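Student: Below, each chain spelled out in residue letters.
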Amino acid sequence: MDLQLSDDELAFQTEAREWLAAHVPAEPLPSLDTAEGFVAHQEWERQLADARWSVVSWPTSYSGREASLVEWVVFEEEYYRAGAPGRVSQNGIFLLAPIIFDHGTPEQQDRFLPTMATGERIWAQCWSEPEAGSDLASLRSTARRDDERGGWVLNGQKTWSSRASFAHWGFGLFRSDPDAQRHAGLTYFLFPLDADGITVRPIAQLDGEAGFAEVFFEDVFVPDSDVLGAPGDGWRVAMSTAGNERGLSLRSPGRFCAAADRLVELYGERPDPAFADGVVDAWIKAQAYRLYTWGTVTRLAAGGDMGAAGSVNKVFWSELDIALHETALDLLGPEAEVGSRWLDGYTFSLSGPIYAGTNEIQRNIVAERILGLPREPKGAQR
Amino acid sequence: MRFVLDEDQRDFAAALESLLAASDTVAVARAWADGDHEPGRKLWGRLAELGVTSLATEATPVEVALAFEALGRYAVPGPWVESAAYLPTALGREVDGIATLALPPHVPYALDADVADEVYVGSTPGAEVGDRVTSVDRTRHLFRVTGDGETHDDAFDLAVLATSAQLLGAGERVLADAVTYVKQRKQFGREIGSYQAIKHALADVRIALDFARPLVFGAALGEVPASAAKVAAGDAAYLASRTGLQVHGAIGYTQEFDLSLWLTKIRALVTAWGTPAFHRARLLDGLVG
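From first to last, the protein sequence lines stand for chains A and B. Going by the UniProt record's numbering, the first sequence wraps up at 382, each residue one higher than the last. Going by the UniProt record's numbering, the second sequence wraps up at 289, each residue one higher than the last.
For reference, chain B alone in the conformation it holds in the complex:
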């Protein structure tokens, strides 16, 4: 019984961390949002070299969760859940290049279909790509697609797990940035982080994330359904985003301030790959029968 990362897993997480920390992922995400995919494609290639796109077929869900937590922490844009979690599991092989899919009703649009080399509906390739719709997250370019395809249950669960891990990473990032900010910002002659109103709000975020993490990794080990991880990580990350915005005040409400990347991403991911209501109902069905 050892519910901590082993040495290989820690090394992998550290390698991802150092790659992403050196990649100016904020600039990558902003370019992606504006339709310039070049920096994002380059980053995709470097992450693929590190093995991120082959984890679903060659590693365990723990490594998948680790990778997606890092992608969330750095707001890396692109159809990662689709290419590195769902499709390789559903197809039983690593995906060539960048692929995406729609999977109605839970995934009604294909993410970044304009960049993808292949667009699926479920496991069926060759979907016809239609109009673009606008996401709350400017880095998520959503497209209507037509086609038919079945849901692959294991693939869906891995996608749910990956999304949960992304939410966890995004929530951690927002908390870290909020803590940094409230230690610098002074009002009434004191750092605002010395006021209990601020402290208690951020402590609640710390607590929510601390208890979402074991569900994400517990789900990766098959101890709890992925739905439990999605509900908890979604709730925790959303609390982080609301609290992070509130303690930043007006500057947090601007698109220019980088916090906006995570605030909008968290809002999008909370309902992506199954809404909280869907996952709660699914869990309850499993419990009550």
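Next comes chain A alone, as it looks inside the complex:
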């Protein structure tokens, strides 16, 4: 058991740290969920890509560095420590790309990955529907076969689609076999959000910004070449995304360690003993998350997979994120309600226990798949 980085990993760390120190914008960019901020963040992605820092874990043939998992975590630590901008390309590079690598055709890989790596094309995820949230498999949006044109015709409605307000393309599941039940008969589609028949209606989030949107589909044609994986196999294909989202890729420990360090600094400036425990606990939990991640990385590197441990992870980081920001607001006292980086972080953190599968669903998964408790009898099916 050891936590030492190898010489190569240390060299990688130094290179990342030096590049970030020289290039991270001194002033925070405007929010990526505004028109102006979206473009500014795309420009930042271009800068990252030019120096081959945008997708470090990808193969070199797609502008990556073939970074190991350890190096990826190291990069993320450096990234957040440097206070670098949020990743507007996150849905694509972290959620969709692993699926394109695993299930995409070589033609799809060549067509979609390069613009994803540069941030030129930003992706929105289209999972939830008005009547299918936690119970995603009950989704009703349809895909009708069109043999004549060699593709599918999409109809229905998606909602809470992250980044859809400004993004260029979307990915999501549609029911391609109307007779199949729940997880069967779903197909994974990729589609341009400016296609004929698609209407995107931005939704203002709690903070007023249009971080997500409703997406309406009215006879939208998608060619066979934009189906990811086999028709009818969409659930299995999509669930590899869900594992990524809950697990490592969306929430690297660097983000929480950097925030916890800033919280300690804030306490140093405004030491109020009433909130000392909150500061210490946030720091301890950020360290716990960092060390836990090294354990996960070791297991994955040895060929294991995240499995249901992704759910353990998701509940922990989402609750840590809220507690950490609540403590910062406590320390700010009456200033807490005034716009600040802490307030932005707090508002964002409130979405954590809801998206990527609510924490109630995650606790069910932990209880049933890790502790082996009996499944709860399900309600009547539609």
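Since the hints were derived computationally from the structure, they do not count as laboratory data. From a predicted model like this one, the values you see are computed outputs, not experimental measurements. Just so you know, not all the hints are guaranteed correct.
[As the list claims (entries may be wrong)] In silico negatives: residues of chain B with every beta carbon more than 10 Å from chain A: (1) 21; (2) 33; (3) 39; (4) 92; (5) 104; (6) 125; (7) 134; (8) 143; (9) 151; (10) 258.
[Claimed, not checked] Computed from the model, here is a short list of chain B residues facing chain A with C-beta under 10 Å: (11) 5; (12) 6; (13) 190; (14) 191; (15) 200; (16) 204; (17) 205; (18) 207; (19) 208; (20) 215; (21) 229; (22) 231; (23) 277; (24) 279; (25) 284; (26) 287.
Where a beta carbon is used, it is the ideal one built from N, C-alpha and C, also for glycine.
Given chain A, work out where chain B should sit, using these hints.
Tutor: What follows is chain B alone, placed relative to chain A:
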């Protein structure tokens, strides 16, 4: 970078596990609580043969943490933290036989001074043993002692680590027993473990223990202060004990039911070797300076 146990460490943990699983440690603990130390002394001897008492001087803190996690999981009674973590580090040598100590203010009483061959205050032997006081944990026989002694910082940190590991093991045991129980117990025609109220409570225990473990072993590797491990393991084990009691219902509230051994031990260990408040304050001092 490999944050998992290596093969030797796994073998050692497995050897401890098989020894303890075959030792009816519940009976040992109950006898110890009633003042019959014989079974406990025999078990002490077998664990010493396996090397538990020489880990502090001859192995690394990782092995110490592994051993104490097992001692916690099996509710093994006796002044183990004192004899196998604090004193060997403070004295720079393995302890002969069973020894114990007090270290005011964090360790105000000497644990099991009636069994110990030598009683210290800090690193000073020959402490005078006074009255016994009653612990919430019937297997912990606490004694007032008089004498003076300094705190050895490294020894204190190893004792804190060992206590954290014991809490981790005790918490894991309570969770395992609670899971077994809620899969058997039926009410309203269903296993109570199929209700979300029960599932979510036990899932929270699983999550708390999963994130306490890397702090315990991270502290063993010197990545974080031992205080961080103590706070997290104490919180997680205490959550396990409260939840474990609640899902068992009235049977869990009896002394006769074995769960009581762990519920009372966890309560005692949460404040042993530095209270959570002390360790939080110590961490904050280190962070803010």
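Student: Of the hints stated earlier, which fail here?
Tutor: none
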